Amino acid sequence: MNILAIETTGPFASAAVIDDDECVHGVVSDGELTHLQKLMPLIDQTLKDCDITLKDIDGIAVSRGPGSFTGIRIGVSTAKALAQVLGVKIAEVPTLRAMALNYIDFRGIVCPVLDARRSQVYSAAYIQDDETEELFPEGAYGIAEVIEKVGNRGPVMFMGDGVSNEKIRAELEAGLGRDAFFASPERRMQTADTVAMLGLEIHREGKAVSYIDSKPEYLRKSEAERNLELKNRRLRENER
Amino acid sequence: MTMKEPKNGKEYICLAIESSCDETSAAVVVNGRKVLSNVISSQIDIHKAYGGVVPEIASRHHLNNINPVIDSALEDAGIGFADVDFIGVTNRPGLIGALLIGTATAKAMAYALDVPLIGVHHIRGHICANYIADTELEPPFAALIVSGGHSTLADVKGYTDYEIVGQTRDDAAGEAFDKVARVLGLGYPGGPLLDRLAKEGNPEAIAFKRVYLEKDSYDFSFSGTKTGVLNYLNGKKQRKEEFVPADVAAGFQAAVVEVLVNKSIRLAKERGRDKLVLAGGVAANSCLREALGKACAENGIKLYMPPLILCTDNAAMIGAAAYYEFISREAEDMTMDAYASAAL
Numbered sequence: 001m002n003i004l005a006i007e008t009t010g011p012f013a014s015a016a017v018i019d020d021d022e023c024v025h026g027v028v029s030d031g032e033l034t035h036l037q038k039l040m041p042l043i044d045q046t047l048k049d050c051d052i053t054l055k056d057i058d059g060i061a062v063s064r065g066p067g068s069f070t071g072i073r074i075g076v077s078t079a080k081a082l083a084q085v086l087g088v089k090i091a092e093v094p095t096l097r098a099m100a101l102n103y104i105d106f107r108g109i110v111c112p113v114l115d116a117r118r119s120q121v122y123s124a125a126y127i128q129d130d131e132t133e134e135l136f137p138e139g140a141y142g143i144a145e146v147i148e149k150v151g152n153r154g155p156v157m158f159m160g161d162g163v164s165n166e167k168i169r170a171e172l173e174a175g176l177g178r179d180a181f182f183a184s185p186e187r188r189m190q191t192a193d194t195v196a197m198l199g200l201e202i203h204r205e206g207k208a209v210s211y212i213d214s215k216p217e218y219l220r221k222s223e224a225e226r227n228l229e230l231k232n233r234r235l236r237e238n239e240r
Numbered sequence: 241m242t243m244k245e246p247k248n249g250k251e252y253i254c255l256a257i258e259s260s261c262d263e264t265s266a267a268v269v270v271n272g273r274k275v276l277s278n279v280i281s282s283q284i285d286i287h288k289a290y291g292g293v294v295p296e297i298a299s300r301h302h303l304n305n306i307n308p309v310i311d312s313a314l315e316d317a318g319i320g321f322a323d324v325d326f327i328g329v330t331n332r333p334g335l336i337g338a339l340l341i342g343t344a345t346a347k348a349m350a351y352a353l354d355v356p357l358i359g360v361h362h363i364r365g366h367i368c369a370n371y372i373a374d375t376e377l378e379p380p381f382a383a384l385i386v387s388g389g390h391s392t393l394a395d396v397k398g399y400t401d402y403e404i405v406g407q408t409r410d411d412a413a414g415e416a417f418d419k420v421a422r423v424l425g426l427g428y429p430g431g432p433l434l435d436r437l438a439k440e441g442n443p444e445a446i447a448f449k450r451v452y453l454e455k456d457s458y459d460f461s462f463s464g465t466k467t468g469v470l471n472y473l474n475g476k477k478q479r480k481e482e483f484v485p486a487d488v489a490a491g492f493q494a495a496v497v498e499v500l501v502n503k504s505i506r507l508a509k510e511r512g513r514d515k516l517v518l519a520g521g522v523a524a525n526s527c528l529r530e531a532l533g534k535a536c537a538e539n540g541i542k543l544y545m546p547p548l549i550l551c552t553d554n555a556a557m558i559g560a561a562a563y564y565e566f567i568s569r570e571a572e573d574m575t576m577d578a579y580a581s582a583a584l
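So the sequence lines, in the order shown, correspond to chains F and U.
Under our numbering, the first residue of the first sequence is numbered 1, with each subsequent residue one higher.
Under our numbering, the first residue of the second sequence is numbered 241, with each subsequent residue one higher.
By construction, these hints were calculated from the structure, which means they are not laboratory data.
Because the structure is a prediction, the values reported are computed rather than measured.
A portion of the hints provided could be inaccurate.
To be verified - No farther apart than 25 Å at their CA atoms in a straight line, the calculated lysine-lysine pairs in the DSS-like style are these:
hint, chain 1, residue 1, chain 2, residue 2
1, U, Lys449, F, Lys55
2, F, Lys231, U, Lys515
3, F, Lys55, U, Lys244
4, U, Lys397, U, Lys509
5, U, Lys397, U, Lys439
6, U, Lys419, U, Lys397
7, U, Lys509, U, Lys419
8, U, Lys477, U, Lys449
9, F, Lys149, F, Lys89
10, U, Lys515, U, Lys534
11, U, Lys439, U, Lys455
12, U, Lys397, U, Lys515
13, F, Lys231, U, Lys244
14, U, Lys288, U, Lys455
15, U, Lys288, F, Lys221
Unchecked claim - Only some residues are given here: those of chain U computed to face chain F with a beta carbon under 7 Å:
hint, residue
16, Glu296
17, Ile297
18, Lys347
19, Tyr399
Glycine included, C-beta positions come from ideal geometry on N, C-alpha and C.
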């Protein structure tokens, strides 16, 4: 089984292929935020490097979010279109879980933090010991909330673009002191390599979905929807 | 340029995709003229609650809709992916987040099918809708393109040779229609509602300003006319005077349409074009269709207007435009991008 993996939720687009022996080959874009232009050439390069074509692909894996809304959509729409034409299924890979695999060798808590603006991060955390266990599920959280959830539990490895944000990093450091560890730049961001690893697992478990059912996970409504809900709630309260 | 033979040995089959604003559409078009299917999934009802198109919401719905819409287009046409000779997609101009759903989808499909990919200018698509409506129509001709985002006069010299002669300097015609509809409290989308209300009004009851700009200019300016309406309504409200909304709608529409018609006729005459083509969403406006029809008849110009279904955003028109690009130039490579704004 060959799985083609796509990752476009962060600043660097990437593609990867994983085979039955769990051998991964990935290619990462050299530029920032040109995912629409870069993604198909990256996929083409990855396949060529592996000396295969799309005909040899048995399934797709896509990083389905959270992350940049636009980035998520480029990846998911590409995955859906490929799956539709090729007649294969899609593994909807949770972006934060795939990122956590960057530090699969770390004993303790791994906690991806993506800058979600509005004083929030998209985050989730996993306790890594002999087995991996979810500490708290993916969501949009305030940084204080994250600190409270991971605090007093030993060393925590943070990763993601939140680590590159001085303010977020300083807050985590202030809250956790010597328990806070930060991913080195080369292991900090999401890549298709770990999306491929989780994707293969999802395909093997038979949990991959059709191109019709495959959906992104933004973890947040659009601003217009939130504002409308707020307005309607106020109107209802005023009526009471 | 070397071009592959059509897969069926006779005609080129295009799978066309459009997602530049709030309609998700896919179509199958043969040799740029014959439409085998044209599936349109509109989001109008979703955006009504916000009084206009919300880009983020539009993008999210495009992503949910595009694959089933493509399936339906192939099914309605009675073909499969294997029959497709090339893919055409709107990649400019429009809402960037919306455009990239269609563009990313088209790129991936073209790659997986190993067929050429053609990026199409949305407005060229609107013009080419007329090749579907009238299979005898050939360039050259003058074209008036009016929509929520555009008011453009073009001299169409060939199937892929367009010269923009005039454009709006502020509001697009459709944009002005929507804004006036909003202040009249007509709801969304405003253009068609304004058109309906105007039918009950007297277009000569209130004379709103006609803006022609410099004597030889083909450009448009509708913001002055729109402001005229706002000032009129504010004045009435301040003085607590009654006014007839239908007369306001009719008067405003007459002012905009008069300028559109006169400049279009002048262009056709000056360039020696005996054909005038109307295109874009506002081409559905009954007052514009009627006035243009009358003016063309008086001046011996043959007028082409697509049926209403081809006036709104749809993929069939993109398939028509894509065909003429496909037979005249190299296809795109896989680095093709989407652009919020672009020259015609």
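Against the structure, the hints:
1. Between lysine 449/U and lysine 55/F, the direct Cα distance comes to roughly 63 Å. Violation of the 25 Å bound is thereby established for this hinted pair.
2. As the CA atoms of lysine 231/F and lysine 515/U are separated by approximately 51 Å, the hinted pair breaks the 25 Å bound.
3. Among the hinted pairs, lysine 55/F with lysine 244/U is consistent with the structure: their alpha-carbon atoms are about 22 Å apart, no more than 25 Å.
4. Restraint check: the Cα-Cα separation between lysine 397/U and lysine 509/U comes to about 15 Å, which is no more than 25 Å; the hinted pair holds.
5. A distance of roughly 36 Å separates the Cα atoms of lysine 397/U and lysine 439/U; the hinted pair therefore is violated under the 25 Å criterion.
6. Proposed proximity of lysine 419/U and lysine 397/U is contradicted: the alpha carbons are some 34 Å apart, above 25 Å.
7. With a CA separation close to 32 Å, the supplied pair lysine 509/U and lysine 419/U exceeds the 25 Å bound.
8. For the given pair, lysine 477/U sits about 20 Å from lysine 449/U by alpha-carbon distance, which is consistent with the 25 Å threshold.
9. With a C-alpha separation of about 35 Å, the suggested pair lysine 149/F and lysine 89/F falls outside the 25 Å cut-off, and the hint is violated.
10. Distance restraint check for lysine 515/U and lysine 534/U: the Cα-Cα separation of roughly 14 Å lies within the 25 Å cut-off, and the hinted pair is therefore satisfied.
11. As the CA atoms of lysine 439/U and lysine 455/U are separated by approximately 31 Å, the hinted pair breaks the 25 Å bound.
12. Between the alpha carbons of lysine 397/U and lysine 515/U the distance comes to roughly 12 Å, so the proposed pair stays at or under 25 Å and holds.
13. Distance hint between lysine 231/F and lysine 244/U is unfulfilled; the C-alpha atoms sit about 57 Å from each other, more than 25 Å.
14. The straight-line distance between the Cα atoms of lysine 288/U and lysine 455/U is roughly 40 Å, outside the 25 Å bound, and the hint therefore fails.
15. The suggested pairing of lysine 288/U with lysine 221/F holds, with an alpha-carbon distance near 17 Å, which does not exceed 25 Å.
16. Using the Cβ-Cβ criterion of 7 Å, the hint placing glutamate 296/U at the interface with chain F is satisfied: the shortest such distance is roughly 4 Å.
17. Using the Cβ-Cβ criterion of 7 Å, the hint placing isoleucine 297/U at the interface with chain F is satisfied: the shortest such distance is roughly 5 Å.
18. Satisfaction of the interface hint for lysine 347/U is found here, the shortest Cβ-Cβ separation to chain F being roughly 5 Å, below the 7 Å cut-off.
19. Violation of the interface hint for tyrosine 399/U is found here, the shortest Cβ-Cβ separation to chain F being roughly 28 Å, above the 7 Å cut-off.
Of the numbered hints stated above, those contradicted by the structure are hints 1, 2, 5, 6, 7, 9, 11, 13, 14, 19, listed in ascending order.
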